[in-house]
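Undergrad: If you want the building blocks of each chain, they are given just below.
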Amino acid sequence: MSAKSYEQMASFHEDTTYILGDLIMEGALDGGDHPIVVDGQFNGDITATDVIIREQGKVTGTVKAKTAVINGHFNGNLICESLNVTATGIVEGEVQANALSIDLGAEVIGSISRVNAKSK
Amino acid sequence: MDKHGNKTVIGAGATFTGKITNARVIEVHGKVNADLTAEKVTIGEAGHFDGAIRADLVVVSGHYEGKMQAGSVWATATASISGKLHYETLQMDRGAALNCHIVYNWAAKNAVAAQTDKDDMDLPLPKPSDKAKNGVESTSPKEGA
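Taken in sequence, the protein lines are chains A and L. Under the working numbering, the letters of the first sequence match residues 1 to 120, in that order. Under the working numbering, the letters of the second sequence match residues 1001 to 1145, in that order.
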């Protein structure tokens, strides 16, 4: 994902789903064709076009997305077309991605493989 | 950090099923099926919320179904509410569709504090004398949820 689209996503849209603050969500979240930004805690399954886990964000479970940006903490199964783990990001578990970038300083623990069938 | 502060938003087109805890301000434009305790809840025009809400303030512009227990409820012109509504203050705009049990409950605040962990939303309703005053005896028998 380009820096520009990240900026666009970071600005407020009604279509975008934001999980912010101290809140804890458990369950299944489907963002449809819109992005999901997690800066709180989420346990469960997330499906969306773009998933951004911000620095304070913590996600445990399964994430399916076209693009995923991890600035925070992720633990579980991550299936996406392109993944960017930034310097503050921590990813534990199983990652399936076709395009992968891991910034210096990021922690990635687990297995990495390619996606066979194109997943959403 | 964010322009919109610490507000959690369920975007239009998004669907969430599960549980939300520790929420403060939350806005629903998508579909949510959850139980929720928060300070302020807004259900946007396109929003659907199914489940229990306990909050200080609830603004409903979309669809709500469930048991709501709120300090203040504002049903805007596009609101449609079904289920059960316990409130302390209620504002209803022309056009709002309320198809529900409506109970004025000044004890709500204490009840929220006392019962936050209890699944059943039914309040320990005021003493019989108070009930009689308010004419809301009928709410308890069928607690189907």
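Simulated from the structure, these hints should not be mistaken for lab results. Since this is a predicted model, take the numbers as computed values, not measurements. Hints are supplied without guarantee of correctness; some may be wrong.
Within a straight-line C-alpha distance of at most 16 Å, the following computed EDC-like cross-link-like pairs (lysine to aspartate or glutamate) qualify [what the hints assert, rightly or not]:
| no. | chain 1 | residue 1 | chain 2 | residue 2 |
| --- | --- | --- | --- | --- |
| 1 | A | 58 | A | 22 |
| 2 | A | 58 | A | 92 |
| 3 | L | 1084 | L | 1050 |
| 4 | L | 1019 | A | 45 |
| 5 | L | 1007 | L | 1039 |
| 6 | A | 66 | A | 30 |
| 7 | A | 58 | A | 81 |
| 8 | A | 64 | A | 33 |
| 9 | L | 1019 | A | 14 |
| 10 | L | 1040 | L | 1056 |
| 11 | L | 1040 | A | 92 |
| 12 | L | 1019 | L | 1050 |
| 13 | L | 1019 | L | 1045 |
| 14 | A | 64 | A | 45 |
| 15 | A | 64 | A | 94 |
| 16 | A | 58 | A | 33 |
| 17 | L | 1007 | A | 15 |
| 18 | A | 66 | A | 81 |
| 19 | L | 1007 | A | 14 |
| 20 | L | 1007 | A | 22 |
| 21 | L | 1019 | A | 94 |
| 22 | A | 58 | A | 26 |
| 23 | L | 1019 | A | 22 |
| 24 | L | 1019 | L | 1035 |
Using C-beta positions, here's what the derived DEER-type ranges look like [what the hints assert, rightly or not]:
| no. | chain 1 | residue 1 | chain 2 | residue 2 | range |
| --- | --- | --- | --- | --- | --- |
| 25 | A | 22 | L | 1090 | 49 to 57 Å |
| 26 | A | 49 | L | 1033 | 19 to 27 Å |
| 27 | L | 1099 | A | 107 | 35 to 43 Å |
| 28 | L | 1101 | A | 100 | 31 to 39 Å |
| 29 | L | 1033 | A | 56 | 24 to 32 Å |
| 30 | A | 99 | L | 1089 | 29 to 37 Å |
| 31 | L | 1104 | A | 66 | 44 to 52 Å |
| 32 | A | 100 | L | 1056 | 28 to 36 Å |
| 33 | A | 28 | L | 1024 | 17 to 25 Å |
| 34 | A | 14 | L | 1033 | 17 to 25 Å |
| 35 | L | 1057 | A | 62 | 53 to 61 Å |
| 36 | A | 82 | L | 1099 | 19 to 27 Å |
| 37 | L | 1089 | A | 62 | 38 to 46 Å |
| 38 | A | 116 | L | 1094 | 52 to 60 Å |
For every residue, glycine included, the Cβ atom is placed at its ideal position computed from N, Cα and C.
Undergrad: Against this structure, judge whether each hint is valid.
TA: Each hint, compared with the structure:
1. 58/A to 22/A: OK: residue 58/A and residue 22/A at ~11 Å, within 16 Å.
2. 58/A to 92/A: Holds - the C-alpha atoms of residue 92/A and residue 58/A are around 11 Å apart, at most 16 Å.
3. 1084/L to 1050/L: Measuring from Cα to Cα gives roughly 12 Å; hence the hint holds.
4. 1019/L to 45/A: Within the cut-off at roughly 13 Å; holds.
5. 1007/L to 1039/L: Roughly 11 Å between the alpha carbons, so the hint for residue 1007/L and residue 1039/L holds.
6. 66/A to 30/A: This hinted pair holds, its Cα atoms lying about 13 Å apart.
7. 58/A to 81/A: Not OK: residue 58/A and residue 81/A at ~21 Å, beyond 16 Å, violated.
8. 64/A to 33/A: holds (12 Å)
9. 1019/L to 14/A: violated (21 Å)
10. 1040/L to 1056/L: Within the cut-off at roughly 6 Å; holds.
11. 1040/L to 92/A: violated (34 Å)
12. 1019/L to 1050/L: At roughly 12 Å apart (the allowed maximum being 16 Å), residue 1050/L and residue 1019/L satisfy the hint.
13. 1019/L to 1045/L: Not OK: residue 1019/L and residue 1045/L at ~22 Å, beyond 16 Å, violated.
14. 64/A to 45/A: holds (8 Å)
15. 64/A to 94/A: With Cα atoms ~12 Å apart, residue 64/A and residue 94/A stay inside 16 Å; holds.
16. 58/A to 33/A: Cα-Cα ~22 Å, so violated.
17. 1007/L to 15/A: Roughly 14 Å separates the two Cα atoms, so the pair holds.
18. 66/A to 81/A: holds (5 Å)
19. 1007/L to 14/A: holds (12 Å)
20. 1007/L to 22/A: Holds, because 10 Å separates the two Cα atoms, which is no more than 16 Å.
21. 1019/L to 94/A: With a Cα-Cα distance of about 25 Å, the restraint between residue 1019/L and residue 94/A is violated, given a limit of 16 Å.
22. 58/A to 26/A: holds (12 Å)
23. 1019/L to 22/A: holds (14 Å)
24. 1019/L to 1035/L: holds (6 Å)
25. 22/A to 1090/L: 49 to 57 Å: The hinted range 49 to 57 Å is violated for residue 22/A and residue 1090/L, with Cβ atoms some 29 Å apart.
26. 49/A to 1033/L: 19 to 27 Å: Given about 22 Å between the Cβ atoms, the range holds.
27. 1099/L to 107/A: 35 to 43 Å: violated (52 Å)
28. 1101/L to 100/A: 31 to 39 Å: The hint (31 to 39 Å, Cβ to Cβ) is violated, given that residue 1101/L and residue 100/A are roughly 54 Å apart.
29. 1033/L to 56/A: 24 to 32 Å: Roughly 26 Å apart at Cβ, these two residues keep to the hinted range, so it holds.
30. 99/A to 1089/L: 29 to 37 Å: violated (53 Å)
31. 1104/L to 66/A: 44 to 52 Å: holds (49 Å)
32. 100/A to 1056/L: 28 to 36 Å: Since residue 100/A and residue 1056/L have Cβ atoms about 45 Å apart, the given range 28 to 36 Å is violated.
33. 28/A to 1024/L: 17 to 25 Å: holds (22 Å)
34. 14/A to 1033/L: 17 to 25 Å: holds (20 Å)
35. 1057/L to 62/A: 53 to 61 Å: Violated - the Cβ-Cβ distance for residue 1057/L and residue 62/A, about 34 Å, lies outside 53 to 61 Å.
36. 82/A to 1099/L: 19 to 27 Å: violated (47 Å)
37. 1089/L to 62/A: 38 to 46 Å: holds (42 Å)
38. 116/A to 1094/L: 52 to 60 Å: holds (56 Å)
Hint compliance for this structure: hints 7, 9, 11, 13, 16, 21, 25, 27, 28, 30, 32, 35 and 36 are not met, and every other hint is.
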